[in-house]
Amino acid sequence: MISFKLNGQTVNVEAPGDTPLLWVVREHLTMKGTKFGCGMGLCGACSMLIDGVSTRTCIMPVQAVANRHITTIEGLGNPQMMSTLQNAWVEADVPQCGYCQSGQIISATALLSQNNNPSDSDIDIAMSGNICRCGTYPNVKKAIKNAAADLRNGKGRLQAVQVFDPTATASPETQEVQS
Amino acid sequence: MSVTEQPLTQNKQTLENSSRRSFLKKMGIVGGGLVVGIPLTGCASVKFPNAMDGDLQPNALLQITANNDIYFYLPRSEMGQGVYTGLTTMLAEELDVHPGKIQVKNVGAHEEYANPEYGLQLTGGSNSIRVHFIPLRQMAANVRMVIRQAAAQVLQLPLDQIQTDNGMIVANGKKLPYGDFTKVAAHLSLPEETPLRKKADFKYIGKHSKRLDAVAKSTGSAEFGLDVEFAGLHRAALKRCPVSGGTVKSFDDSKVKSLPGVKAVVSIFNGVAVVADHYYQAKATLPVLDVQWELPETLSDFSSDSTEAGNGKQLFKAALDSDESDNAHKEGNGREALKTSDTVVSGEYWAPYLAHATMEPMNCTAKFTGNKLEIWTGCQNPGVAAKLAAFYGDVAKDDVTVHSTFLGGGFGRRISSDYVAEAVSIAKASGFPVQLIWSREDDTKRDYYRPASMAEFQVGLDKDGNIDSWNVKRSGPNILPYTIDEVTDAMMPGFLPDGMVDWISKAGYGLFDGWTVDPTSVEGLFEDYDANHKSVDHVTVDPGLPVGFWRSVGHSFSGFFKESMMDEVAISQQQDPVTYRLKHLKSNPRLANTLKLAAEKAGWGKPLPEGHYHGVAVHASFLSYVTQIAEVSVNNGQIKVHKVTCVLDCGLAVNPEIVIQQMESGILFGLTAALYGEITVKDGAVVQSNFHDYPILRMNESPDIEVIIVESDEAPTGVGEPGLPPIAGAVGNAIFAATGKRLRSLPFKLS
Ligand code: FES
Ligand code: FES
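Top line first, the protein sequences correspond to chains A and B. So the first sequence is numbered by the numbering used here: it starts at 7 and just counts up by one. So the second sequence is numbered by the numbering used here: it starts at 313 and just counts up by one.
Wrong hints could be hidden among the right ones.
Unchecked claim - Taking CB as the label site, the calculated pair distances span:
id	chain 1	residue 1	chain 2	residue 2	range
1	B	VAL600	A	ALA70	50 to 56 Å
2	A	GLU20	B	ASP602	55 to 61 Å
3	B	THR610	A	SER119	19 to 25 Å
4	B	ASN379	A	MET87	46 to 52 Å
5	A	LYS161	B	GLY682	53 to 59 Å
6	B	ASP1016	A	ASN122	44 to 50 Å
7	A	MET87	B	GLN415	46 to 52 Å
8	A	LYS161	B	HIS1004	48 to 54 Å
9	A	LYS161	B	LYS486	27 to 33 Å
10	A	GLN86	B	ALA512	54 to 60 Å
11	B	ASN947	A	SER119	34 to 40 Å
12	A	ALA70	B	ALA621	39 to 45 Å
13	B	LYS994	A	GLU20	40 to 46 Å
14	A	SER119	B	HIS1004	56 to 62 Å
Derived by calculation from the structure, the hints in this document are not laboratory data. What you are looking at is a predicted structure, and each value in this text was computed from that prediction instead of being measured. The beta carbon of each residue, even a glycine, is placed where N, CA and C say it ideally should be.
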């Protein structure tokens, strides 16, 4: 059994240790916001935050995230309560087909958590791992800049949902990784 | 009211479209014939999931409940192009309700959702806004009228004292929801010719651009085909023959059966599938699954890089040079006119096969319950998908239910339903409800590719250097036979005698070869410019790699060919490419206008930053007119596109921001093709597999894009595709300006 924090909640999964995190989250935990695009770490559709870093989870073995903090698109906000970036995304009408957008927003969140005033080239560097076949790049850029401005004005938050974590005070469990 | 009454300019292209329809009709593949318009009266035969007492349900598209919930059942598929918002905006306008108040639902398969122009429930050809512009608004206007009539009856007031505002009846200074009157309205007969709002009175059309699906798609809550989940669902991976069209000779699953999670191994029409609890388990078994293949005859011998006669590009070249061709179009004396030309400028062009590479790989979920079959998929052609599912599932058509999801990209790929046939076959053979997931490798290697094409132009000039005759010949595969092959099993048996089915399926290819030319093979090569004489010829040559509709179809290569050639002609006469084009656009004023505007906006002819050069291209497609000017630099053989100025005339822009986004989208899609896109074949097998060898343009490689929409009162025309065709030509022409090298093959390589 492998245990990690998913959007603030401790989860335990029975899966071989080399199973990609993406499929554990999508199929074992049935959270479908994070997408499958290439399976080779090339497109960014499967991006999640692992301890705050945007990571390609289609090639990340679940055993490597034991006890770490994972945030998916669902952990940033929901239709009733969206994060600043998600709001900016809606305001700028970013999504077209929408399939790459969870990954785009995750990478943008990682960027703004480090830098709330990114230049065009900062944005290019942070976002070039996320392919959008629909070509939403101009609006992705616009939305990131708008959200960054909100954050600088103290009007925003990168994570909108308050997560209640019942295990937060419990002592950490010990896990054995199956392989 | 029918779509033919739309105030559309009758130009060359509408004629071309109608000839395409008559061609399809001649081939007998337009289902039950051309269906014009959407039934506007009478009760829909579609059962709505949330039907309740007191509903007003005038047809299959709209439902207003007594609670004043308004549901719009979206007849076209949302794949990023914006119909979810666009069609809703049109409905909202005449219903007098804010678009955001309407709940939009994806629909299954039903003939009442047929595309008015095709007779099939097909989303493609950039026609959704255009063909629904009148019928959908007319329907909504009639419904608003019947609600007003019901309100007049209930409130005992004359009709002219019953007004509406955002889903409410306004009368006697009071506001009452539409839902209060639906029960009475449902018993009145629906008026038919309610006047439509004038442009000056539009509240939402031309103004509203907020995507109604943006919240769902920004929070991970929009459901795509791949996201379907229910208890007992298994996952499948399919091992196919490396060569498309190959079938299973034999297989040995002894090494697979005992692997973790594996529930079944089954052989289907094109491969061997492994069904497991989880996708990663199913996929992991494929390398050790031993399958012997029966290779298809033609394709197995084909290699793109072969230099042998009759193979690789030589195949296309020999066809182009042969005397055997079909004439697709002739004006004046055609090719004969070359004899009297003062000068002839020629050029030979090439464009490779291309994959669609939608972000969401192909997938489909299938579940049998007794004789009933349900499928879940996001596709552009749910009607055909349902019929294919019935055929491969061996159930009656009426026993198939399609659950449609959002599409993670379409671009024409999801017109074909091959993945539906596979998923249904696997579910049937294994007895499990399955979700078939294609890997990116499957998706890249098993596409209906944009057909590779070669073309030769011979442009005859008069003594003043103006174009007298425009002659072009194209060689390459046609899309239609593959389309026919796919739909034949599913659609033909309904109205063709046995035996015919097989005959057309197998012989269809030869059937119209020499009879007439598939319009998608030559569209865009010849229409735009004035010439006294024109001739368009075609030679069919097909290595056997399946081909299909790829964003902008024939225009995807013809736009590049024609616009590069036009540049060559202008430059051969030492004339400015913009001025020379304008001279030959006298009978194409809307296209000429976009060119003038773009030249002005981009500062054509004005100094650019050191090392930067402009290239221009114009192209009309899907009844819209586009000019693009690309600003490019070339350093050490590296091509960089800095900026693209794009002017579009698409008639009235229903959602202007979405129109701008579709231009950006088309430009970036076309840039990927211009700079990187190439599918090659080795011994019949596609070489490329994933984004490392089939790269897609990334943010850091994307230019700034400025889009200008021409103000227009004309009816709306296409936007999903027309942004793509000019871009490769514009960039190629800029590369010529920068380097003096004319690149006549895609993708561009400077070596
Ligand atoms: S699916 Fe993980 S990077 Fe593409
Ligand atoms: S919105 Fe379609 S791939 Fe990005």
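Exercise for the section: Please test the hint of 54 to 60 Å on the beta carbon pair from GLN86 of chain A and ALA512 of chain B. Expected result: Once the Cβ atoms are compared, 38 Å apart, the range 54 to 60 Å for ALA512 of chain B and GLN86 of chain A is violated.
Handout entry: Range hint compliance [Cβ, ASN379 of chain B to MET87 of chain A, 46 to 52 Å]
Key = 25 Å, violated
Handout entry: C-beta pair ALA70 of chain A, ALA621 of chain B: status relative to the range 39 to 45 Å that was hinted
Key = 54 Å, violated
Exercise for the section: For THR610 of chain B and SER119 of chain A, compare the CB-CB distance with the range 19 to 25 Å and indicate the outcome. Expected result: Since THR610 of chain B and SER119 of chain A have Cβ atoms about 55 Å apart, the given range 19 to 25 Å is violated.
Problem - Whether the CB-CB distance between SER119 of chain A and HIS1004 of chain B falls inside 56 to 62 Å - result: Since the Cβ atoms of SER119 of chain A and HIS1004 of chain B sit about 29 Å apart, the hinted range of 56 to 62 Å is violated.
Exercise for the section: Starting from the range 55 to 61 Å, see whether the pair GLU20 of chain A and ASP602 of chain B falls in it by beta-carbon distance. Expected result: Distance hint for GLU20 of chain A, ASP602 of chain B is violated at roughly 30 Å.
Exercise for the section: Go ahead and decide if the range 34 to 40 Å is satisfied by the Cβ distance of ASN947 of chain B to SER119 of chain A. Expected result: Because 35 Å falls inside the window, the suggested range holds.
Handout entry: Range hint compliance [Cβ, LYS994 of chain B to GLU20 of chain A, 40 to 46 Å]
Key = 42 Å, holds
Exercise for the section: May I ask you to test the hint 46 to 52 Å on the CB atoms belonging to MET87 of chain A and GLN415 of chain B? Expected result: Because 21 Å falls outside the window, the suggested range is violated.
Exercise for the section: Could you check the hint for me, namely that LYS161 of chain A and HIS1004 of chain B are 48 to 54 Å apart, CB to CB? Expected result: 41 Å, violated
Handout entry: Pairwise beta carbon distance, LYS161 of chain A to LYS486 of chain B, judged against the given window 27 to 33 Å
Key = 40 Å, violated
Handout entry: LYS161 of chain A versus GLY682 of chain B beta-carbon gap, inside 53 to 59 Å or not
Key = Distance hint for LYS161 of chain A, GLY682 of chain B holds at roughly 57 Å.
Checked against the numbered hints listed earlier, the structure breaks hints 1, 2, 3, 4, 6, 7, 8, 9, 10, 12, 14; every other hint is satisfied.
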